[in-house]
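Residue numbers (my numbering), protein chains in the order written: chain D, 84 to 380; chain R, 388 to 654.
If you're looking for bench data, these hints aren't it; they were derived computationally from the structure.
Please read all numbers here as calculations on a predicted model, not as lab measurements.
C-beta atoms are modelled at their ideal positions from N, C-alpha and C, and glycine is treated no differently.
Hints are not guaranteed to be accurate.
Unchecked claim - Now the stretches of chain D that chain R is said to cover, found in silico as 3 or more residues with beta-carbon under 8 Å:
1. 158-171
2. 242-252
Claimed, not checked - If you anchor each label on the Cβ, the simulated ranges turn out as follows:
3. D:101 x R:545: 45 to 51 Å
4. R:422 x D:373: 40 to 46 Å
5. R:457 x D:234: 50 to 56 Å
6. R:404 x D:236: 23 to 29 Å
7. D:269 x R:397: 26 to 32 Å
Chain by chain, the residues run as shown.
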Amino acid sequence: MQDMVPERISRQAPSHAHRAELRSRVAHFAFVAPSIVLVAVLVLVPCFWLFWLSAFDVDGSLSFENYRTVFESAGYRSVFLTTFLVAFATVLVTILIGGPFSLFLVNIQERKARLLLSAVMLSFWTSVLVRAYAWLVLLQRNGVVNTLLIDLGLISDPLRLVFNFSAAVLGMVHIMLPVFILPVYGAMSRIDPDLMRAAASFGASRSQALRQVFLPLAMPGIAAGGVLVFVMSLGFYVTPAILGGGRVYMIAMRIERSLSNFTSYGAASALGVLLLVATGVILGLSYLAARTILKVR
Amino acid sequence: MNDGFPLNRPLRVLSWAFAVLTTCFLAAPSFIVILMSFSGSDFLELPPRTLSLRWYEAFLSSERWLGAAATSFLLAGLVVMVAVPVGVLSAYGAMKMSLRWRSLVQAFMLLPAVVPAILIAVGLFFFYSRIGLVGTLTGLVFGHAVLALPVVFLVMSAAFASFDFDQVRAAQSLGAGEVTVWRIIILPQMVYNILVSSLLAFLTSLDEVVIAMLLSVGRRTTMPKLMFTSLRDQIDPIIAVVSTLLLVLAAVVVIVLQLRGNAVRKR
Numbered sequence: 084m085q086d087m088v089p090e091r092i093s094r095q096a097p098s099h100a101h102r103a104e105l106r107s108r109v110a111h112f113a114f115v116a117p118s119i120v121l122v123a124v125l126v127l128v129p130c131f132w133l134f135w136l137s138a139f140d141v142d143g144s145l146s147f148e149n150y151r152t153v154f155e156s157a158g159y160r161s162v163f164l165t166t167f168l169v170a171f172a173t174v175l176v177t178i179l180i181g182g183p184f185s186l187f188l189v190n191i192q193e194r195k196a197r198l199l200l201s202a203v204m205l206s207f208w209t210s211v212l213v214r215a216y217a218w219l220v221l222l223q224r225n226g227v228v229n230t231l232l233i234d235l236g237l238i239s240d241p242l243r244l245v246f247n248f249s250a251a252v253l254g255m256v257h258i259m260l261p262v263f264i265l266p267v268y269g270a271m272s273r274i275d276p277d278l279m280r281a282a283a284s285f286g287a288s289r290s291q292a293l294r295q296v297f298l299p300l301a302m303p304g305i306a307a308g309g310v311l312v313f314v315m316s317l318g319f320y321v322t323p324a325i326l327g328g329g330r331v332y333m334i335a336m337r338i339e340r341s342l343s344n345f346t347s348y349g350a351a352s353a354l355g356v357l358l359l360v361a362t363g364v365i366l367g368l369s370y371l372a373a374r375t376i377l378k379v380r
Numbered sequence: 388m389n390d391g392f393p394l395n396r397p398l399r400v401l402s403w404a405f406a407v408l409t410t411c412f413l414a415a416p417s418f419i420v421i422l423m424s425f426s427g428s429d430f431l432e433l434p435p436r437t438l439s440l441r442w443y444e445a446f447l448s449s450e451r452w453l454g455a456a457a458t459s460f461l462l463a464g465l466v467v468m469v470a471v472p473v474g475v476l477s478a479y480g481a482m483k484m485s486l487r488w489r490s491l492v493q494a495f496m497l498l499p500a501v502v503p504a505i506l507i508a509v510g511l512f513f514f515y516s517r518i519g520l521v522g523t524l525t526g527l528v529f530g531h532a533v534l535a536l537p538v539v540f541l542v543m544s545a546a547f548a549s550f551d552f553d554q555v556r557a558a559q560s561l562g563a564g565e566v567t568v569w570r571i572i573i574l575p576q577m578v579y580n581i582l583v584s585s586l587l588a589f590l591t592s593l594d595e596v597v598i599a600m601l602l603s604v605g606r607r608t609t610m611p612k613l614m615f616t617s618l619r620d621q622i623d624p625i626i627a628v629v630s631t632l633l634l635v636l637a638a639v640v641v642i643v644l645q646l647r648g649n650a651v652r653k654r
């Protein structure tokens, strides 16, 4: 395609080209304007609305009463604690499974890797509701797992497998694994495989080469994946609401409840603003850290 | 596995076992749902003792579920019509900007994916109740479109990254207008990517729960919202039917994505 366009065409009429250049620079902004407007009106305005509800009284004066409520009430504090605990557990398990899995994918034939990746992608594009439902079917009192264990004679009474902390984390790991694996696999497959072969030829053991050659190169990708999973887990609603059975109470659920009960909009908005700030701070810090590390190198 | 290290059979077997287990963990629960949807009994049993289509019949004769499905599909179609043109144009515009502006635009466009959906939903609820959009189809379309926008933007940005912009410059220097450039040069080469991003935008809207939960009411209740409320009360086997429907759509999307991967590789 490229050879179809001789370069002198654009040089023939400099003034015309110059004007076109200027016009097109304005046009670039015209192209992105509709989506900027959409995001501004439908994401930024709602966020400011929450901020306004949380920081201003009914009569329009600035007050931090709502934030004091959030910080001082034991109920809100425990919601915060649960949220961070669930998110942390989810990241930990996701990295422990997703890291080795991605490493495995880059070390097998591409054809086989693509087959396994299709399963990951199918999971990624399956509705979170469908997956929560599937776990309910599997884990509930007279569900598949309990029936199987009883039929095998391993247990006599059904175990309580769902509607608790671990079921919520299990469901969230199931949703976050593809979110982690897809970019981390991408980052790992960009690492030159000759580096590992070189390490081998210099007499390094497999684990030495992994630790000293591969992992340092894969680290930025793994860290970025981990941060993404953590931030996304903080705002989770559907999975903990279904699989936690009311025992796992996260920020998003608290916000939704006060909205559907028509109570304490202010405090719920303050909670939302804090969630937003936490998300922004974590993303900002990890961006800065990544930039510093890359600069040092 | 040619990484230069001696073949270690136990390690190899172990890592394959781990990988297959992980894959099963990811994919298997969904297939169980398909099996459940053909069950003949009122209870959840696996494998189902009798097979039947009774839950499919129940779905097809339930006005509530059919209505919700109709709303969801109409909504998803409208979301595609809003999000795809806007997303395609912005990916194109961003690609032609200087690097600094482009990264700014990219960061801004990813906001809907980063800001927790519950905050967008609650904020939109307050915003919409002021302008009378709560419970309307229009309100839902825009709420979902902004969530689908980053998906379209990412797919189309990747597509435009390997697009030869000299073609556009050449056409413009020969006097082609913007419309002609899009009609003759850009759209024909982008058909496949636009199809992929439309599918993904469609699926994003079809699967969305949180915004629909707060903003869709009564006649405009979407399928995921109905699923979510039914799941909270009881495990209705009709949900297995709906889940199977959603799974088939997800499978179609993955197949299309894989085909695109093959097409790119062959080029």
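Hints breached by this structure: 1, 2, 3 and 5
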